[in-house]
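Generate coordinates for the entire structure from the input sequences, incorporating the hints supplied.
So the protein lines, in turn, are chains A and B. For the first sequence, the numbering used here assigns the number 455 to the initial residue and increments by one for each residue that follows. For the second sequence, the numbering used here assigns the number 455 to the initial residue and increments by one for each residue that follows.
Quick caveat, the hints were computed from the structure, so don't treat them as lab data.
Distance condition first, Cα-Cα at most 30 Å in a straight line; then the derived BS3-like pairs of lysine-lysine:
| # | chain 1 | residue 1 | chain 2 | residue 2 |
| --- | --- | --- | --- | --- |
| 1 | A | 771 | A | 697 |
| 2 | B | 697 | B | 771 |
| 3 | A | 659 | A | 697 |
| 4 | B | 659 | B | 697 |
| 5 | A | 937 | B | 771 |
| 6 | B | 937 | A | 771 |
Derived DEER-like restraints, expressed as beta-carbon distance ranges:
| # | chain 1 | residue 1 | chain 2 | residue 2 | range |
| --- | --- | --- | --- | --- | --- |
| 7 | B | 941 | A | 899 | 53 to 63 Å |
| 8 | B | 885 | A | 547 | 23 to 33 Å |
| 9 | B | 890 | A | 681 | 35 to 45 Å |
| 10 | A | 681 | B | 481 | 56 to 66 Å |
| 11 | A | 887 | B | 683 | 32 to 42 Å |
| 12 | A | 677 | B | 903 | 51 to 61 Å |
| 13 | B | 522 | A | 570 | 55 to 65 Å |
| 14 | A | 889 | B | 547 | 24 to 34 Å |
| 15 | B | 874 | A | 493 | 24 to 34 Å |
| 16 | B | 504 | A | 899 | 25 to 35 Å |
| 17 | A | 964 | B | 481 | 48 to 58 Å |
| 18 | B | 481 | A | 967 | 51 to 61 Å |
Note that the Cβ used here is the ideal one computed from N, Cα and C, for glycine as well.
There are 2 protein chains.
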Amino acid sequence: MAETATRRKRGGGRAGAAARRGPAVIEQMPFSPPVNRDRPVEPLTEEGIAAIHDGAMRILEEIGIAFLNEEALEILREAGCAIDGNIVRMDRDFVMEMVARAPSQFTLTPRNPAHTITVGGDTMLFGNVSSPPNYWDMEIGRKVPGTREKCADLLKLTQYFNCIHFAGGYPVEPVDIHASVRHLDVLYDKLTLTDKVMHAYSLGKERVEDVMEMVRIAGGLSEEEFRATPRMYTNINSTSPLKHDQPMIDGCLRLIRRGQAVAVTPFTLAGAMAPVTMAGAVAQSLAEALSAIALFQYVQPGCPCIIGTFTSNVDMKSGAPAFGTPEYMRATQMTGQMARYYGLPLRSSGVCAANVPDGQAMWETSNSLWAAVQSGTHMVYHAAGWLEGGLIASPEKFIMDCEVLQQIQRYMQPEIWATGPEEIAVDAIRSVGTEGHFFGIEHTQQRYSTAFYQPFLSDWRNFEGWEAAGGIWTPERAHLLYKSILDSFEAPPMDPAIREELADFVARRKAEGGAPTDF
Amino acid sequence: MAETATRRKRGGGRAGAAARRGPAVIEQMPFSPPVNRDRPVEPLTEEGIAAIHDGAMRILEEIGIAFLNEEALEILREAGCAIDGNIVRMDRDFVMEMVARAPSQFTLTPRNPAHTITVGGDTMLFGNVSSPPNYWDMEIGRKVPGTREKCADLLKLTQYFNCIHFAGGYPVEPVDIHASVRHLDVLYDKLTLTDKVMHAYSLGKERVEDVMEMVRIAGGLSEEEFRATPRMYTNINSTSPLKHDQPMIDGCLRLIRRGQAVAVTPFTLAGAMAPVTMAGAVAQSLAEALSAIALFQYVQPGCPCIIGTFTSNVDMKSGAPAFGTPEYMRATQMTGQMARYYGLPLRSSGVCAANVPDGQAMWETSNSLWAAVQSGTHMVYHAAGWLEGGLIASPEKFIMDCEVLQQIQRYMQPEIWATGPEEIAVDAIRSVGTEGHFFGIEHTQQRYSTAFYQPFLSDWRNFEGWEAAGGIWTPERAHLLYKSILDSFEAPPMDPAIREELADFVARRKAEGGAPTDF
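Written as structure tokens, this is what we have:
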């Protein structure tokens, strides 16, 4: 396939020329997160919601959750929970009282306030793929370990595409940087290459505090200003089944104490780390997430929390995780109903099991993205660039996904289904009658340039036109676009003094040895 | 890409071996049309519905529809409509009275009664791609005119896949058969290679009557039995804007008079044959469809009618039709609301503009299929095999689409979101606790083999496993499967006497010269 790409690239033709046409590269929609006013798809009846809620509460009351974090155990003991070793049992009144403190909506303000996002309400947000250890592109044609260079390339896409609203974790893990200082180098890259909302991994106090400090510096903020409103977030996974580990909880406590946001996303793979039944997997996921959110709300009442879902199923043949399946879609919708029941913003994902950016990748990703729409998801993680169940980041897939994300953004614009007299257009229909056509009439001319979604990657020419331009398949077109975007990328502006302060911080912390690597 | 396919095919490996493993070829879900109980997505408010209805009615009352069919003009004159040349104006009371006669649900019974389908209610039906003049596959690697052989190959897929519930028009136009006798040869192939519900093109009285006669013979039915319940259907397009042509209306009249079903599907491309505004395009589409349905209900009260939508938009750059766009999705949902308002079963489509079965093909097709789900569509035309805006039929695309259709079938099974105590599984969660896993426990073992959707085309192995098996991309896997299915295809049983009667009918009608070709 890589050879094919190279051959086609050389033959490039019109698509290649178009893709290389200058700094703008493509015409894209503005940064304007979709407003999702569609009624969600709700498979659960009221009884079903009550049954899953009761299941989650029974897990918390009767079975309990292991907190491998001494501070959390102390706090929860003080709060009146039953502690048995590291197992915490919470009664439902406590959980519901704590969860009720969480806001249903809040903002995250990055260093560029124009990229402020609202989490919750009707707003739908997309973020880049996060944390794959490996990278694949059409030119390399193999799966290779992530590097700082490739990570930076994907960060440029994160900044470039207006349909990407927040920066997730590292879009690929740069394994060529030592783990003790990786967060310093990547955050420097992230903060200088992008000006969107930042994420910190909860992997030890030094990393979390360093990242918060760097976000504060990049924003030109005093500590008081940093704390005044959420600027960034972390996302943690529980160690399913029923366990929260030390650094994840520690990181969240550090963030909420400085006014920042946390997402809690159990990874409950039905049949492996959770029951084989989707309702059971969802109930367990909720119990795990709510136990952490209850802790955070006890510590910092009203702190911004997001409940995440990552409930999918395994492949019955191999035990491997599968994504974008029918069961994944329904679990996401079910969790959406439960998130509304608890009044919490919801995070889900754009995911697939496919290894290359082909048809399977796109039907699985489409399934997961439509499930995000249907579930009323607020934050869509991994919305662009994910392959192989999250083990590979691919720039071609990133760009293909952005085409789909833009289409969702357009899909949400109510002017499509406006029904005023000018849209019903009886006069235009009368003027054309039974013999004419609508191309040339004024009603069309007035609206033509903005009436329809204009793709940047889809090729809508007929076969002959497409063939004459090189017969370029979608991933190869995406590859050309990727190269053009990198060629013309301009980093967002940053005050040189702030850049220097950031660099000094990185240098100082490196000199101090960075962070421990015993995780 | 063709070279790549051939190379990979030779290297075939595990996927190839699996695909060639015998007559069953794949394990697929049973013939069992999905029951869609999801609440539809409804962009229109009640006022929006009223506005579009009023627009459609004003078109019928004030502008009128051209009927290029003398018989229809006579009938509508008798019915009290205003006739001006070939323009018919109908008042809304007449239209609504006639449309109210149409059943909201009916059955179609093919020669194998086990493949009887219900059109309407909660049932969702999928049919093969219909009418592309051209064919493309990975082996040929070029766009070539359709032939009887390729048409038969695609009919075998239509029969083979249980997720295809009805046979549409010719899955590719066999241009190697003279147009005067094409319907005879292809219907012979269709009726012997498949036992699912049949379609007749409304292209002249001889074709329509011949096809009805062949369906009657294939079913072993007397004329009385044939008429007793719908056995088949036709689908007509209006000649937008605002025109019904002679053979389309004639064909429908012939079918309804013998008790068969009709679908009326205007092809209203916003900005070309309809207003650039989607509400206008939908209103015009409804006016065109309802005018024909009113005629049919006047002639044959209660005859089974389906309202179709094929409202999409053009590419702003080239004027070429685009499919599976955000505007297409919303127009389909809007038409779904209107179909429910009129109490008519709805037809929409599985469509894309892509020229090859790649990522674009699948995101566009996924968009259109999810729009079908969201709109409450009953019959999904072109659900498998469509490329290039309907100008190309592809077996690889057919098989890729069937994978997505099976996933929709699975998605609709309520056991996924069952919430009984056994599904909430608190005891299973308790038994695993915080340290175990769910693979081996009884709760999992009891349900493992049926708990999750099992794909036949998706490759869920990790990258290394996929690579070791040849690194086969989705369309190439689909190609291998296509060949295996053809190799092992067995036609459904047919009484030899009936087969002989069919062959005799074809021979006799050919000897008589078939049908005129002046259309």
